[in-house]
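Generate coordinates for the entire structure from the input sequences, incorporating the hints supplied.
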Amino acid sequence: MGGQQRVFRRKIRSVQSTKKITKAMEMISSSRIIKAQRQLEEAAPYTRALFQAISAAASHAAGVEKHPLTAEARLEKRAIFLVVTADRGLAGAYSINAIREAEGLTRYLVDERGFEDVIPYVVGRKGLSFYKFRDREIGESWTGSSDQPSLSDAKEIAKALLERFLLPTEEGGADEIHIVYTHFVTMVTQEVRVRRILPVEVIEEEVDVSEGRIGDPDNQAGDDRPYMPLYDFEPSANAVLDELLPRYVESAVYTALLLSAASEHAARRRACKSATDNAEELIRTYVRLANQARQAEITQEISEIVGGADALSSATAGS
Amino acid sequence: MAELTVSVVSLEHPEWDGPASQIVVKTLEGEMGVLPGHEPVLATLAEGPIRIDPVDGDPMYFAVHGGFFSLDENRAIILADVAETAEEINVARAQEAKSNAEKADDEDLEAIAAMRRAETRLRVVELAD
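Going line by line, the protein sequences match chains A and B. For the first sequence, position 276 (counting from the first letter as 1) is numbered 276 according to my numbering, and the numbering increases by one without interruption. For the second sequence, position 28 (counting from the first letter as 1) is numbered 28 according to my numbering, and the numbering increases by one without interruption.
Simulated from the structure, these hints should not be mistaken for laboratory data. A portion of the hints provided could be inaccurate.
Derived contacts from chain B toward chain A, CB cut-off under 8 Å, selection only [as the list claims (entries may be wrong)]:
| hint | residue |
| --- | --- |
| 1 | Val9 |
| 2 | Thr27 |
| 3 | Glu29 |
| 4 | Glu39 |
| 5 | Thr44 |
| 6 | Ser70 |
| 7 | Ile77 |
| 8 | Leu79 |
| 9 | Ile89 |
Computed cross-link-like contacts, DSSO-like style, restricted to lysine-lysine with a CA-CA straight-line distance of at most 30 Å [said to hold, decoys possible]:
| hint | chain 1 | residue 1 | chain 2 | residue 2 |
| --- | --- | --- | --- | --- |
| 10 | A | Lys35 | A | Lys20 |
| 11 | B | Lys26 | A | Lys159 |
| 12 | A | Lys155 | B | Lys98 |
| 13 | A | Lys11 | A | Lys273 |
These numbers come from a predicted model, not from an experiment. C-beta: ideal position from N, C-alpha, C; glycine also.
In structure tokens:
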């Protein structure tokens with residue numbers, strides 16, 4: 001086998017093993033999307049009911065505007081946001097899209113809203129390395145579970161965010177919390193979204209946040225009613241709100257993590273699918289080139305033999 | 001006869017759904033029995049068992065470790081942080097947790113919470129039998 005041929009065979013082998021990896025990742029991601037979607041569906045009734053309860057408590061509790069978690073009239077000095085990125089690459093522009101949106105949010109909060117300080121809280125190694133590389137201050141970071149978020153991860157994150165929020169501004173507390181996550185629309189469409197989670201915007205539309213499911217025909221609670229019933233609160237409206245809001249943050253974080261995980265897998269599946277397709281294309285090209293090289297070698301050998309035989313016979317004829 | 005439509009949901013998964021004739025929940029201010037036609041309520045649940053009497057079938061018990069109870073026009077929703085049925089509870093583990101917690105120091109808040117959880121679990125198993 002000639003040198004040329006050997007080079008092509010080696011390239012084909014290496015592309016084939018890359019293809020095996022990308023193909024496997026494509027299939028793993030496909031199955032994990034389904035898992036994340038199922039978790040989302042299971043959390044949906046809770047999220048929906050929670051929003052109803054918050055709306056009810058907030059619209060009927062006297063002096064709700066004064067509740068620390070809903071009050072709008074805080075100093076606008078320091079904001080924090082949670083940005084959800086991937087732990088690993090091979091997911092196309094997934095992480096960088098979220099980071100870009102987060103940078104846009106930072107600029108908006110600083111330039112338009114006059115915040116002095118905007119601190120990122122980061123989920124995922126990709127986001128962490130982005131901020132570390134630029135030597136930016138980060139609040140806290142969580143890595144290692146971006147592809148399979150669990151409820152306890154969400155609880156831990158929610159706790160950290162809420163603690164920062166409940167500190168007075170003078171002691172480094174935050175006045176607003178935002179989440180930057182990637183919304184999973186369909187298998188082929190995901191979009192980065194920004195949502196302010198605290199202070200809660202206490203309006204009936206708040207219920208809409210639970211991803212459009214509220215308008216479903218199977219929604220038996222009847223949200224289209226023009227009025228809210230007069231609730232009896234136990235022990236009191238403010239106490240109920242105190243208990244509700246941390247859970248609201250938890251469920252908002254959990255939903256954002258799950259949506260982002262589904263989006264991450266969809267992005268990875270797409271990236272790996274096109275990598276697999278490209279690998280197939282490359283293999284085809286190399287096989288053709290290898291065949292060409294083999295054919296060229298054979299042709300050359302034949303012409304050498306014919307030339308040699310010719311020379312021999314003319315030498316014998318001449319003597 | 002009017003009936004209650006009850007859902008028990010937790011963040012991880014919906015636990016139970018169905019019509020019921022009566023439910024008993026434990027709020028921070030004590031146990032509260034709810035029959036169809038009760039006025040709208042939004043209450044904070046305490047650690048403890050809840051009882052649901054389905055329209056057909058035997059009473060059911062859930063161990064609820066904190067959460068909310070909301071009722072509006074006979075639609076009751078129990079938003080539990082964690083909800084377990086008697087079948088889901090590991091009795092041996094709950095007993096072990098209880099005895100461990102008993103040994104711990106009185107000041108240890110975590111041990112007290114663990115003890116309460118274990119007691120709720122054991123109570124639910126007992127009630128369900």
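Hints, verified against the model:
Restraint check, Val9(B) versus chain A: the minimum CB separation of about 4 Å is within 8 Å; hint holds. Here the hint on Thr27(B) is kept, as its CB sits about 5 Å from the closest CB of chain A, short of 8 Å. At a threshold of 8 Å, the smallest CB-CB gap from Glu29(B) to chain A is about 6 Å, leaving the interface hint in force. The interface hint given for Glu39(B) is met, as the beta carbon of that residue sits about 6 Å from the closest beta carbon of chain A, less than 8 Å.
Annotation: Thr44(B) was flagged as interfacial toward chain A, and the flag holds, the nearest CB pair being 5 Å apart, inside 8 Å. With its C-beta approaching chain A no nearer than about 5 Å, Ser70(B) sits inside the 8 Å limit, and its interface hint holds. Residue-level restraint check for Ile77(B) holds (minimum Cβ-Cβ distance to chain A is 5 Å; threshold 8 Å). With a cut of 8 Å, the hint placing Leu79(B) at the interface with chain A holds, because the nearest CB-to-CB distance is about 5 Å.
Checking Ile89(B) against chain A: minimum C-beta separation of about 19 Å lies over 8 Å; hint violated. Annotation: proposed proximity of Lys35(A) to Lys20(A) holds, straight-line Cα distance about 23 Å (limit 30 Å). Taking the CA atoms of Lys26(B) and Lys159(A), the gap is near 26 Å; set against the 30 Å cutoff, the hint holds. Simply put, Lys155(A) and Lys98(B) have alpha-carbon atoms about 25 Å apart, close enough for the 30 Å limit, and the pair holds.
The straight-line distance between the Cα atoms of Lys11(A) and Lys273(A) is roughly 20 Å, inside the 30 Å bound, and the hint therefore holds.
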